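Protein chains in written order, with the numbering used here: chain B, 1 to 342; chain D, 1 to 99; chain S, 1 to 121; chain H, 1 to 165; chain G, 1 to 239; chain P, 1 to 186; chain U, 1 to 390; chain C, 1 to 174.
Certain hints may be false.
[Stated by the list, open to error] Stretch-level coverage of chain S by chain B, calculated; a stretch enters the list once three of its residues show a Cβ under 8 angstroms from a Cβ in chain B:
hint	segment
1	27–34
2	63–75
[Unchecked claim] Using 30 angstroms as the maximum straight-line C-alpha spacing, the simulated DSBU-like pairs for lysine-lysine come out as follows:
hint	chain 1	residue 1	chain 2	residue 2
3	P	Lys-180	U	Lys-188
4	G	Lys-106	G	Lys-70
5	P	Lys-44	U	Lys-200
6	C	Lys-34	B	Lys-339
7	C	Lys-34	B	Lys-77
8	P	Lys-183	P	Lys-69
9	P	Lys-36	P	Lys-16
10	P	Lys-180	P	Lys-16
11	P	Lys-16	P	Lys-44
12	U	Lys-50	S	Lys-115
13	P	Lys-37	B	Lys-55
14	B	Lys-55	P	Lys-36
15	P	Lys-36	U	Lys-200
No wet-lab data here; the hints were simulated from the structure. Keep in mind it's a predicted model, so treat the numbers as computed, not measured. Backbone N, C-alpha and C fix where the C-beta goes; we use that ideal spot for every residue, glycine too.
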Amino acid sequence: MRVFAELSYWQQTTLRSVGVLLAVLLPAGAFVQLFLFKLVSFMHNRLGPNEAGPKGSLQLLAEVGKSLQKEDIVPEKADRVLFKMAPYLVVASVLLVYAAVPFGPDAWFTNLDVGIFYILAVSSISVIGILIAGWASANKYSLLGGLRAAGQLIAYELPMVLAVVGVVIQAGTLNLQGIVGAQANGEIFGFGGLGNPFVLTQFIGLAVFMIAMQAELTQTPFDMPVAESELVAGYMTEYSGLRFLLFFIGEFASAGAFAAVAATLFLGGWYLPGLSLTADYMNVVGPLVLFGKMLVLGFIVFWVRFTFPRLREDQLQRFAWTVLIPISLLNILATATLKVVF
Amino acid sequence: MLLNQFLLLAAVLFSIGVYGVLARRNGVLVLMSIELILNAVNINLVAFGAYHGTVSGQVFALFVIAVAAAEVGVGLAIVLLLYRNRQSIAVDEVSSMKG
Amino acid sequence: MSEFLRSYLTVGVFFGVGVAILYSVLALGGLLRPTRPQPQKYIAYESGVDPVGFGWSQSQIRYYIFALLFVMFDVEAVFIFPWATRLEYYDVFGLVEMVIFIVVLALGLVYAWRKNVLRWI
Amino acid sequence: MGLVESGKVPKPLTSLLSTSRKFSLWMYQWGLACCAIEMAAAFMPRYDVMRLGVIPLPASPRQSDLLCVSGTLTDKMAPPLRRLYEQMPDPKYVISMGSCANCGGPYWDSYSVTKGCDQIVPVDIYVPGCPPRPETLLEAIVLLQEMIQNEDMGERWRGDPIVLR
Amino acid sequence: MSSADAPAPEATAVEPEAEPTDDIRSGLLATLELELGEAIVESHLKPGIGLWVRVTTEAWNDAAVAARDKLGCTFFDFLSGIDWMPSPFGRYEVADIDTEVSLAEKVAAARAADRISGYAGGDTRFQVFARVVNVTAHHDVVLKCDVPEDTLTVPTWSRTYAGSNWHEREACEMFGIRFDGHPDLRKLYLPGEFEGHPLRKDFPLLSRVVKPWPGIVDVEPMPGEVAADGDAAEEEVDG
Amino acid sequence: MPKPQLPHVPGQGLAKGVSVTMGEMVRTMFPNKGLKKLIPSPAKGAVTVQYPREKEAPTPRARGVIALKEENCTACMLCGRSCPDWCIYIEGHKELAPPRREGGKPRQVNKLDRFDIDYSLCMYCGICVEVCPFDALFWSPEYEYSEPRIADLLHDKARLGEWMETVPDFEPYEAGSEAKVKKVPR
Amino acid sequence: MTLTQRDELRAYAHHATDARVNVELETEGMTLNIGPQHPATHGTLRIVAKLDGEQVIAAEPITGYMHRGYEKLVEVRTWPQINTLVNRIDWVGSFSNEVPFILACEQLMEIEAPPRARAIRTILFELARIANLVLFAGDMALQLGAQTAAMYAFRDREYVLNLLESASGGRFHPNFDRIGGLKDDLPKGWIDDTRAALVKIREFCDEMDLLVTGNEIFEARTRGVGIIPADVALSYGLSGANLRASGIDWDLRRDGGISGLAYDDVDWKVWTHPDGDCFARYWVRLQEIREAAHITEQLLDKLPAGPIMAKVPRIVKVPAGEAYVETENPLGAMGFYVISAGDLGPFRVKIRTPSFNNISVASWVMRGVYVPDIVTILASLYFILGDIDR
Amino acid sequence: MILAAEEALVAQNIFFGLIAAGTIFGALRVVTTKNVVHAALWLVLVLAGVGANFLLVGAEFTGVTQVLVYIGAIVVLFLFGTMLTRSPIGRDEDVDNPAWYLGLIVAVPLLALLSYAVWDQWGDDHIDSLTPAAAQTTADVSDSIFSTYLVAFEAIGFLLTAALIGAIVLARKE
Ligand code: SF4
Ligand code: SF4
Ligand code: SF4
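Isolated chain B (complex conformation):
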């Protein structure tokens, strides 16, 4: 974008920072408001918040405003510094993920050469935040919840990483823009009219990725770590007010982040067949397209969350190690073989 290019580095950076912060908060807010409050309520055959503002649209603001006024409690036995730090770590990890997601031909924050690799790397930081939160609270539910959560996150991070490999093999690059381009220009068995969103060829990868994503977000059926009916709120048990809100935002923002990544990797990112891959208008349309795809994926997350019972800790570990990881390894080998053969 020409207008954009004339700005100084710092101006660009600030502009993009604001843009990406929007991109973090918007999906998080949208997910909470739209899915958690509304669609899920409809699933339950009820209405959900509708008194705050027209049709309940200001509910979210009320939540934030309330959190601002809530007392901030640090338990006396807790490790004060770490207790306060943990939510930052979790949210920071999400922020860092968003930094690398492309929203349009020029609408990106950074365009890293190792984009997807970088995303996988920084998304694993949140494990530390969760472990620290559980440990620093000096509370049994928290500790148990933190350990369970961390155990689960690492167990499902692997399938997620491995599911991505298939896409990387097909695209031949780690760069997310490159992956979007590869999907836009790709063709399946010679038919390239619609490009090749990798969901078509990598549907196993997508399935594994979505399952792993569900687990990474600790949503039912993988929400044992925060299982209300035994561990109260897991590692978040002792958090109150704004710090809890940070975790809360973190949870939904990372739902957005993972949805964005999945959309980019498997659904063609900000590109839609029939649109231009390079034109300027895509910098406006692209984010919307991506957002739409994120909503679809996000909806699936919440849909599943409110439908299924949860797996037991040992069952979900077993599922990760004995089902998902072998499947994704096989997927890699199959994809690689096909790639080499064709």
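Assemble chains D, S, H, G, P, U and C with the ligands onto chain B, guided by the hints.
Just chains D, S, H, G, P, U and C with the ligands, lined up with the frame of chain B:
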């Protein structure tokens, strides 16, 4: 940038690591100190790689990271074993494990 | 400064901006929120009874084994990714190499499986 | 000392803050007996308190704003109630639901029942009934929301933490 | 078998189909008598309704074993105690408030008063009773035994019926009856600092003592009406 | 015994589950028929009664609050005495009322001074209503009387009298019944 | 399920029960308090569990947080007052609490309710059962994490509550049963409403089958977990669906020989399940909802006309004597052992509540299970706190 | 705006200074803090600093790997290990050797020696990372692994598996 910057940083890290290995009693902390040393080595490797304009430094650093992972895994397992048998992870008591 | 360094710099800047905003929101909350200490407010929550025993305790070694497995496969992923980008050039040779690598690591997984450490107890 | 305690927050802002408090009441469900089921029924599709912004999510007192004591409070249960009430972060509100919670109800003469939860925690709204039908609870919540909208934040922030009326 | 001072009208017509049931119950009693012999103090059989057997304190657990093994009553229904002392306080209503007698005096008076006892009789103030059921043949028996006044101890059932563990804890808490051989007789219901045994008749309900009965305010009853505590004019009402 | 099971496809139970919730969501969002089907109107599809704006009507028998028809009450105390919670407080005095018929003797009647029901204690059992021999107490289905002060839950006879307006007529009985429908004195 | 599978399950359970603790590392045990105020204990039960990592070494339920002194209170109340008080024992199926008490009194007074009253009693009894078990089905799913099922359960339960309310005036505590009959007859249109509600309940059962029963995750969480063998169940005095889920065919509605209810007039079936695990308990209860709907429908079809009250003195005095009547309540066998001295109120009443026995088995079952299974087991044993502590 | 070469150099040096200071401070805290969990978190700082250093010299892939493996995995392993061996909140007085000064005696001279050697040997040689590191892309790393270091690569596979098996054997009590 000077190559020296990196080498000196590595030297400092290395020395701190050595100090940690010697001064720490807690097995986990000793392992962490070893990580410091390995990181110092990695800095050197990468810096030299860049200095010479080859990619070997990086590759070696990757290998070191992999080895470090293996090392930590086994090391912590030993510490756990130690803890299991002695209810303490003070490394200077390891000698008493013999026999 | 190289292009790629700048892109990482922007990551840093972004990180800084994000954390700063979060921090300022918390500070704003600090201005608004009350602090009213009550005798039992800062006791750890344990369903309303006195916390019994140590608030934390060592727990299952399983967690460790799973973490270990994770580390191993994470390292594997580090090598797979560059290979995946270049597979077209390595062709069959690369495929075979990687199959060997994966199989060797999978052996570890199978070993763990057989040793029943994937049972989470 | 925050701004609110010192009374330095301008009026429009306070009313904004009050509105947000009013519409975001995370309810800590202190379900004790039969009334608990009616309280739960109030969360469920037919009555759906979530419409009013009362969110029944928190399982931990640390994240809750509103404590709903519904049911028979026994002497054995009273100390935990006090503790969990105190563990809630301020500002916090209490609804006492049902005759038992109000003053012992059918068990007013029992040797093991506390005659009213207001002996233990300060109560903002008393809901009559045995059990009150869910809509009565809704009415109480609407009442409470009005109260929150009009309350003096400074006083609630500042005052003695336990205000027994 | 003997029927004690049971005031139940004996003359009630036994339903024709109740006859066979009666046979079953007498059979049960015969089996128990064979098994326990002298240990059976008294028994009461209500045709078509139930069987009550009182055994000696020492044979309390043997009775359980016999019922379980010989009668097939493997299902443990409940175990509890009774305090046969007449209540000193009534229902804390008019009459009680009028008198100037202190609580303690009332209790003393009640202690001195005659005790009643239920089916299968009883010699002591406290009794323990339990019911076990045969779930395949669908018969049941209520076992009772006296609790010696001095020790207030009876043998435990918790080794015979695992379920009686909690019931015995409850009885211990409520009546102060100890169960010999019970693994742990901690309080089940009440907070640790609670004193007294609530189900004993001489345990007063303080709220009722403190609060005046609202019905005491005297307004003359309308002619033809009945006072709440009055002797019932057997006025019949229908549907 | 469990039902005979069809061959099991892995994930089939999960699929059924999500289809149920999805179906419920669609039904809630699009309850309309015909062409209007495409207009989402969840307010219609959901079973929710939106409390302050719409209220559900409890059945006529619902035990919401007790209303007192003061004229009928003779302060006979029956209700107060049979109340399990001792939460009815009655005070009365005797009074000479004008004779019912011309030239008759003045009657002695009980006059009600105080009739309070403590709704914070009442267990809504209905015994008082049942025992009242003079049809002075009635159930009203009204339920909205929460109070911020517990003392306000003690309703005096004026307040109890006000509830009288909300007392519904008795319903007719189901077929086969031999009970007679009573009348609410107005 | 085949026999071998069942044996496997049983073997697994035994293995789990005898599980010794942690081979890997002698961890010092961690004591976890679940409750008294905790979502898992739906009410105020407290579980103190000694943990080893994720495994429970010993778990003990601590009760008494809901102890209200029923047995003492009834001694100072009159017969009609007790009727309304006992409503609140098992508060989700309140009407069913009144029935055994009233029947015991009737037995002592030697009167019988007229046929219409008996039929309506039975209908309301079954509706209370539906209200109770529907809640169970939803709650069980909720405890396992499926929130939607709980929503549907509460939604459809409302229909039943409306019926109870329109008949008795109370959504929860009907206080409708009287010695010798019922308080009032049914209002017009009630039968049709009931039929309509039963349709909803059937739909609910089908929905639960789709949403929960067949769900692989649900099965994984419940099958083979918390197995209670029949002999243990009997010696602990488990009753109701818990006992039937252990394969014992015993239902007081059929086997109790109770004359005050109309079960013998209709055609129905007692469901049992051989497994004795959490799934079996859930499954049996789900079938019982359907069965209850079936019973109710038949009774509605042949509701006899006539009075609903026998001749009973206005001031009730129960003759001296002892009577024990036990009925098959939604939670299990509930009985009232009434000792009357011929007064306005009873001399002593021993209330045998099903949950008290049902939950006393908990520490036996929970040895060696995983922490999350505590929740599953508690949910499947299904207790109401008031029913435990009285 | 592209920074002029010198300016960029200055900027880079400033960043290096910041990063190095952070790294060294973190490292010092790692070896001095009394709390194991805190030590692990300080280690995160060190690792992040080292990763940033990698980026500074243009080793992008290694830098990200540092985050992925070290911070995302090894630190987690450390934390698990710590929590398994019971680490209380607050200061733990038992983490240091009684003879900790020995470490100082060795480390300080070592540092002096190393610094001298480094300074002596490489004086003011420059790393030319201003020109985009032509030979440092992921693809090059990959090519290098799959050609020159192929054997090493496979060996790493075996090493990892061996370590895994060893650790399992160690951690399990048969
Ligand atoms: S007020 Fe009534 S319904 Fe509520 S808990 Fe008490 S007895 Fe139960
Ligand atoms: S409804 Fe019951 S508790 Fe309430 S006043 Fe009447 S008799 Fe008393
Ligand atoms: S029973 Fe009826 S007439 Fe008698 S005092 Fe009560 S309300 Fe009045």
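field: Index of numbered hints that the structure contradicts, given in increasing order
entry: 4, 6 and 10
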